[in-house]
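Take these sequences, add in the hints, and give me the full structure.
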Amino acid sequence: TSQSTTPSSVNLNKTSTTSTSTAPVKLRTFSRLAMSTFASAATTTAVTANTITVNKDNLKQYMTTSGNATYDQSTGIVTLTQDAYSQKGAITLGTRIDSNKSFHFSGKVNLGNKYEGHGNGGDGIGFAFSPGVLG
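Numbering (mature numbering (1 follows the signal peptide of the UniProt record, and there is no 0)), first residue to last: -41 to -1, 1 to 94.
To be clear, the hints were calculated from the coordinates, so they are not data collected in a lab.
Subject to a maximum C-alpha distance of 16 Å in a straight line, what follows is the list of computed EDC-like cross-link-like pairs (lysine to aspartate or glutamate):
1. Lys15 - Asp31
2. Lys19 - Asp31
3. Lys73 - Asp42
Given below as structure tokens:
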């Protein structure tokens, strides 16, 4: 059971930048397997091109939010959880990714203000890829 109090959001208006810093990075690992508790039948979008660009205007065509996650089309921000007790939210892509070809995701993630050493907070964020059924 997640007991997150960290607001997490993804901004689809911005693109990510690549860091070239050689400073040591403190990594946090986890050993629990994340599985969706939001069982729902996702609609599969047929893909006829090799490239899909998801932006604030077409997000609902390609992505599905579940749990406490919300989407604000005017800002392009998906908020996975609010700053409240026991929140859990997810956003899923409703198309398949051909793992035999290169792919690229870009965007920004705000993990909130509750993290290691700064008050009681959330569990973080994860990304998963599965060859199984969509949804």
